[in-house]
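Given next are the chains, with one letter for each unit.
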Amino acid sequence: MKKFYILLTLLILPALVGVIYFDLLNITPKSMNFLYNSNGDIMKSSPFAPSFKALFGVDTASKNMLFEVLSGYRITILIIIVISSLSVLCSIVIGTYLAFNRKTTSIYSIFSNALFYIPQSILAYILLQPLLYETIDGFTTNMQFRMIYNIIILTILMTPTTTMLIKESTQHILNQDYIKAAYTISPHDKHIFIKHVLPNIQTQYLIIFLRICFQTLLVMTHLAFFKIFLGGTKVCYGPACEIIERPSINDLSSLLGFHSNELTTNWWTFYAPLVGILYIFIIINLMSQELKRSILKY
Amino acid sequence: MRKLFNFTMTIIVFLLLACLPALFDDQRFSFLNYLNALKSTFLYIFHPQEIIFTNKISHVERSLFPFFIEPWINTIVILFAALLLAFIVSLLFTYLLYVNDHIKKWYLKINTVLSIIPDIFYIPFSISLVILFYRYTDILLFNVANSSEDKALIFPILVLSIIPLVSSVTFLSSILDDVSRADFVEFSRAKGLSNIELYFKHILRNLFASYLINFKHIIWITLSSLLLLERIFNMHGLSSFIFDYGSPEVLFVTFILIYVPISLAIFMSHKVLFTITGVRGGLS
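These protein sequence lines are chains A and B, in that order.
By the numbering used here, the letter at position 223 of the first sequence is numbered 223, and the numbering carries on one by one without gaps.
By the numbering used here, the letter at position 64 of the second sequence is numbered 64, and the numbering carries on one by one without gaps.
In short, the hints are calculated from the structure, not lab data.
Misleading hints may appear alongside valid ones.
Think about it this way: if two alpha-carbon atoms lie no more than 25 Å apart in a straight line, the pair counts; the simulated BS3-like pairs of lysine-lysine are [what the hints assert, rightly or not]:
no.: 1; chain 1: B; residue 1: Lys-105; chain 2: A; residue 2: Lys-292
no.: 2; chain 1: A; residue 1: Lys-103; chain 2: B; residue 2: Lys-105
no.: 3; chain 1: B; residue 1: Lys-104; chain 2: A; residue 2: Lys-292
no.: 4; chain 1: A; residue 1: Lys-2; chain 2: B; residue 2: Lys-104
no.: 5; chain 1: B; residue 1: Lys-104; chain 2: B; residue 2: Lys-201
Covered stretches of chain A, going by a simulated chain B footprint (3 or more residues, C-beta under 8 Å) [said to hold, decoys possible]:
no.: 6; segment: 133–140
no.: 7; segment: 229–237
no.: 8; segment: 272–282
Yeah, the Cβ is synthetic: ideal placement off N, Cα and C, and Gly gets one too.
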């Protein structure tokens, strides 16, 4: 378990640094417009490739990618934790209810057969595109509404599979012999859940939570490639637009999607947020592996 | 009877999902609009040749059907070629793992790392690799983007096949461990069969069966990557109908045309599985 806490610290630390730097100290990083040589003459204008002065390079808008990624990291972590906790909470309530009352889920299985052929990110795209992609007349909704809508839709998308997982693992515990014995002593479902099910399933919940975090981030990144950014995509319909689609919040997935056209030119602006996202993916995976190992030990 | 019921239900769910964009009329929630879209999309089932799609930018209207076939075939070819390639390569790979323990130890380590890394990394990274290679050697290994004369086909297939390959090698190697310790293999070895004979006569058949059992899961993970891949490679496939011309009736047709070939493939895989092993595929 020690390794788990080390990984957790590694996951939270960059977000913490970001919060202290951008929210508590309110520092706006200086933009790097030009590169000077030793005489003080201008050598180049932005973008710059990664160097010791700017570890992740500088993008075309003269922003240092390191700070962009750091500031995006804290938003991304916050969003995926909010979405996954909401989804896991809903699933725990519904899944436990279904498992205790032994409800069959044939309606769900009909739906799931159809949903199998439509990837989650496509479904999210269909639901989000009408509201989050700016039309030629501009947005009629405000930013908060779009954010909440985005979070709700992603939560709803994550919930069905999570509910099934939780229902199955709760049912697995309920089918054990000692539960039958416990029912003869106290036939109260609430008591059984708190005393007998919850202690056995806690780690399972955490593993599912991490899985949903992973899945949410993946869907968010796919959406960003499809130019649906978190909280709405600002679209330029004017006659001379250099960049057509812009994100409204610079979280990691939006940064990635925003710079995805620059893959062949300013590759560092694309790979810098990708490194951040891969870092989250790898740590989440290692954490859930560690948790699975700790279950197997018992 | 049950199959027919499932089929109808799937189509109805597709219809309900395809009309979801119509829930919003000019960025406002409107259920009435949704019902109208449901009705009009449902009526298109009876005369599909009249479905038109509109280009979002130029507002040119065209009828969907002769136009739709080519990108559809394109997508399906890429999907199934990638699956087939992954299938063949993963069986060859397991052979390597079977004959050489040294490779196995190393490969499994690499495989765990690879299975963590998602498609959003593979696809751009492979493009970068080809471009880097081109820069230093002036040899363009593959076409990374479509042009009007020649289509990039081989490279997307290769990139897409990584995803099913990695996941299938993971479970094939664990099954390989189980099978090679099984009694009938030990017995055949005692009878004097060589390693190669053992692999091709006994083990391969078991691996093949387990691949088919997991076929549905493999298709599922490949499918979601496929649409992302089409976007990144800027290919004209099914994804352009979802993203560029996303009206309910076009979405509905797209969903059905994704559903039909894949469910056929899954059905075929169950049939093949049944004839080889006598096990009925229970996963559909």
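Here's how the hints hold up against the structure:
Distance hint between B:Lys-105 and A:Lys-292 is fulfilled; the C-alpha atoms sit about 22 Å from each other, no more than 25 Å. Of the supplied pair hints, the one linking A:Lys-103 and B:Lys-105 is violated, its CA atoms being roughly 45 Å apart against a limit of 25 Å. Of the supplied pair hints, the one linking B:Lys-104 and A:Lys-292 holds, its CA atoms being roughly 23 Å apart against a limit of 25 Å. Taking the CA atoms of A:Lys-2 and B:Lys-104, the gap is near 30 Å; set against the 25 Å cutoff, the hint is violated.
For the hint linking B:Lys-104 to B:Lys-201, the alpha-carbon distance of about 21 Å falls within 25 Å, and the restraint holds. Proximity of the segment 133–140 of chain A to chain B, defined as three or more residues with a beta carbon under 8 Å from a beta carbon of that chain, is established by the 3 residues found. Counting residues of the segment 229–237 of chain A whose beta carbon lies closer than 8 Å to any beta carbon of chain B gives 0, which falls short of the minimum of three for the stated coverage. With a cut-off of 8 Å between beta carbons, the segment 272–282 of chain A has 5 residues touching chain B; three or more are needed, and the interface restraint holds.
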